[in-house]
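Student: Spelled out, the chains give:
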Amino acid sequence: MTIDLTINGERRTLECEPHESLRTVLRRAGYHSVRFGSHSGETGAAGILLDGAFVSADVVLAAQAEGHEIETVEGLSGPREMHPIQQAFIDTGAIQSGYSTPAQILAAKALLNNNANPSEADVRLALSGVLDRETGYLRPVHAVRRAAAELLGEDPDDIDVVYLDQLVDAEGDHHDRDGISDIAPRVVPSEDVPETRVVGKPEAKTDALKLVKGNPAFTDDTDLSQALIAKVLYSPHAHARIVSIDDSKARALDGVHAVLHHGNVPRVRYASGGQSYPNPPPYDQVSFDDKVRYVGDRVAAVAAETEEIAEQALDLIEVEYDVLPAVFDENEAISGNAPVIHDEPDMEDAHDPSRNIVHHLEADTGDIEAGLAAADRVFEHTFRVHQVQQTPIEPHVAIAEWDSDERLVITTSTQVPFHVRRMVAPLLELPVKQIRIVKPRIGGGFGVKQEMLIEDIVGHLTMATGRKVRLELTREEEFISSRTRHPQTITYRSGVDADGKLTAQEMKIVANTGAYGTHGLTVQMVSGLRGLSSYNSPVKAFDCVVAYTNIPVPGAYRGYGAPQALFALECHMEDIAHELGMDPIAFRRLNWTTVGDPIDIAPQLGEGDLEEGVMPIINSSGLEEAVLQGERAIDWHRRTDQAWRQPPDRPHIRRGIGFAMAMHGTAIPGLDMGGASLKINDDGSFNLLVGATDLGTGSDTVLAQIAAEVVGVGTSDILVYSSDTDMTPFDTGAYASSTTYISGTAVQRAAEQVRDQIIARAALMLDAPADTIELHDGAAWTKDGRSVSHEAIALSSLHQEAQHQIMATASYVSPESPPPYAAQFAEVEVDIETGQVTVIGLVMAVDCGVAINPVTASGQVEGGMVQALGYAHCEEMVYDDDGRMVNAAFGPYRIYQADEMPHLEAILVQTMEASGPFGAKAVAEIPKDGVAPAVRNAIADATGAHINQIPFTPERVWRALNDA
Amino acid sequence: MITEYYRPESLAEAIDLNARTDSVVIGGGTIVNAQPGDVAAVIDLQALGLSGIERDGDHLRIGATTTLKAISDGPAVPTTLRDLARRELPSGLRERATLGGTIAAGDAESELLTALLAFGAILEIVDRDGTRSVDIPSFFAAPTGIIVAVDIPGTGTAATERTGRTPMDRPIVCAVSHRAPDGTVRLALGGVSDTPVTVDPAGIDDLEPPGDFRGSSAFRKHLAKVLAKRVIAAVGATP
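Line by line, the protein sequences give chains B and C.
Counting in numbering that gives the first Met the number 0, the first sequence runs from 0 upward without gaps.
Counting in numbering that gives the first Met the number 0, the second sequence runs from 0 upward without gaps.
There's no promise every hint is true.
[Said to hold, decoys possible] Ranges of calculated distance between the beta carbons of each label pair, as one might list FRET restraints:
1) B:Thr381 x C:Thr183: 50 to 58 angstroms
2) C:Glu53 x B:Lys248: 50 to 58 angstroms
3) B:Gln948 x C:Arg127: 51 to 59 angstroms
[Unchecked claim] Stretch-level coverage of chain B by chain C, calculated; a stretch enters the list once three of its residues show a Cβ under 8 angstroms from a Cβ in chain C:
4) 33-40
5) 57-66
[As the list claims (entries may be wrong)] Computed footprint of chain C on chain B, listed as stretches where at least three residues anywhere in the stretch have a Cβ under 8 angstroms from a Cβ of chain C:
6) 627-633
7) 827-835
Calculated from the structure, these hints are not laboratory results.
Where a beta carbon is used, it is the ideal one built from N, C-alpha and C, also for glycine.
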């Protein structure tokens, strides 16, 4: 059928099928800002204006739009123009990945058309239909209010850093917190940090323009008219042998070009985690196997002319399964009485597959039993942490095609393009040089895209068909077939002496790595490392069994084993303090690590090397300051105010405040490597080519700021091009909180070489000694105030005299992993009759060294805390008795929306980390670590119920209150 | 899969199309389009002029295709219903979803629907036999015909309570009480049965709520008692 409608003021006639959504039809017509988040509309990524109303185009049939007026963000401003709402999103730092930014902007426009001066609540209501997994909504809400002010003719202030006074060693209250805008980045400066011109400033994101205007930027924002559409047949059984597959009917269907399964794809074993060579074992996956190990495991893949034909083809594949008993719980799986999940004859590299044990990790710094025996008191607590999913709003999507040189080009939403190229090559039986991986912008990753997840499927299908092939996961597929966070059962035993000092600390984990071991080793190593590094103890011991089960596969998820460990540790420490009758912070302070302390368990868990005599030592810690800043921001003293704790007018409400400390790492020492190239252009601007992968975190911007600082220009003079295996230097990828620290140092080093080349040329042109010349403000300056511009230097060196391309390439790997520290606070209200927990506020004061960009760093903290709150409070993957996920959709799987947010506050406590670029440490993952224990400890403070299992859903809390 | 789309120009045409067993009426389409199942034909009511809020003495007549957004913004609509229309769905869906669709879907945990029960809303339904007025429980018992309008008393006082995982989560259990000017109190509960239900406060113990991962049967029954007590007290009645 055809429909007539008006799009952005233009009358259009479009072809469509009756079942097709308006999103599908608009995207096919080239309106790429209307994006896919789910079929049922609750992500709002496909938000449009329909007759001025903001609606999800997912759940509007194209046919329903006949005769109506549609507006997309493409219609908001022409080339080189910017609508005030778009500008406000840039100015406030409201954009992270930008995948759903066009929808947020349209929701704002619909609001402002009817309400010129909206309240914060009005704005939150308007944005409630766009799920944002990245920002915590704080900055988007303020962007809309700022745009409203601008449209009313006001001239809002620039967003600038607010410097707070230090509280450590200070007497009384030194700074007035009133009147600070919610989104002004708060920095507690350190006098150790040198002055800088670009670094440390709230620069706008370098990629903001394309994102805010909805220009094609993401993998799927491309012309698919000639592409085949791939679909995957997933296992309906948690554990089964495939007795036979008959694909003849599927192949016979018109429009089907390939059907792949274990019968026609080579069996090449691999581990799918996107990690450095050689990938950690076990190599327990193949592209298609004759056994399935969870509901959502791959059975077959098809490529067809349309999605509908591909889906019909899946229905026509006849698979006979021999269904086997399944096991889902990690403790049952290793009991010796469980079904064996990996019984294939070519299974190797696992500890004991016959008992479903993939790994058994042990580490200690001495005799743990002796350490416990030396204690006055020994405390033991056991915790269970559950399975959650990263849920980037852009699901996994990849497109493969042969280029004109007949090399295979895979464009994919990945955090690890270089690992993907190396890992996919053997599966496709192609040499690495025949493969190019292109990473456009990514609509959120959070670790789930640190994986070679679907690239082999599109690669195989393109090789089988000769055609361009695109595979995009549905929301349900993203839940069940991609990656998740590892569930664990964690037991701590700690010995404490009469003064409250630890004499021994032991951590035992049984971890659930699901059907495959990807990341199963290293996530659990990080759990042990993080779980035994926060506090000093004469003896520490770690014991961890990693179990196979039949649940969907855990992998990398922001925090990478630390959120699990720190939930258990910070509840354990809280409860020890409680049982000792000590103040919870004072007890921790007696024991927490600080400058000069060794991270003594690290060498046994992959960091440092005892045989080489390399013991990691803590160089910087702002924890004390962070705790004081956080206590003040959350009003910690209210814990002793009975009238506040138990409001007289609301008899069923109890209030409390909880604390947790967090210590994380910065990159993997000796392993994570980043490369960067910098070259000058005719006008004195620069191209910065980096292998680093900006997930939306703003790393491209931070890297540009580092380069700009060194070569003496503004951030806008650095043109960043990132991650394309043909074009940029190598980088291990965006994970392990490494990009600013590792790739940033690589950029700094390349820029320093470029700086030296510029100065050498300037010395000739100015006839001055090189060591007297400084670069700033786009020029080289002598001490007596003479200057020559970067443009003149570029023109001279490129065109005029002793021609030379000013350029350099550098790379960096760090021997160290300096820990960022954080103080996390949570305020809650608990309804003691229903068990409902309402989180009122989250405050995190973090020492991330020097924040290169305080706005993007604050955004990482705000958004990270909200993801972590989901882990603590409402998100969980739930299965029926047969292992089928029962809530594989947003809504049943609850993530926070804009109109139900707690108050959020991020405080950046500076320290000067000598090993980092301009003093930087990591900030991306640590916000995931402290929220769950802080919320749990707040519930305990409010009610006396100490709950050792997350999430804190009403029924769990209600049952705990009844038991307490 | 949806293979036919109709936008009837008259109610008679819509009634004829609705007689097919593989057709379904859509208001905004947010539910059917997301999960069409084996629906072959959709009947889009947008051309029939069925949206709008009219006051008729003490009553409101709200057209079936009135969006939840319009209800939440409607100055004539009782505050409780405005609030619950707003809570029902986030923006983006709230602007498409309609009152008629919300009722027809009969979602067990819909707070808005629970409130319509408590208010004693009457549905105006058309089919080949003409127009009839039925209350919502009767419609749930025999869900046939096309809802064209909903009659709601505009007077009385109401109170709502809910328990959910997060503040705007679909409630696990919700309770709404409505006290008419003559003192009659009606209590409705969501999340305790296949659809929202009106309940005699004394009869909560007899409920057997279906449990799921967000709330077991026993927990839902407990919540029903707690929340019912609160909303009844809030309208000034004795539980």
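Student: Confirm or reject each hint.
Tutor: Here's how the hints hold up against the structure:
1. B:Thr381 x C:Thr183: 50 to 58 angstroms: 53 angstroms, holds
2. C:Glu53 x B:Lys248: 50 to 58 angstroms: 56 angstroms, holds
3. B:Gln948 x C:Arg127: 51 to 59 angstroms: 56 angstroms, holds
4. 33-40: n = 3 at 8 angstroms, threshold three: holds.
5. 57-66: holds (count 7)
6. 627-633: That given contact is violated, which follows from only 0 residues of the segment 627-633 of chain B lying within Cβ reach (below 8 angstroms) of chain C.
7. 827-835: holds (count 5)
In the structure shown, a violation is registered for the earlier hint numbered 6 alone.
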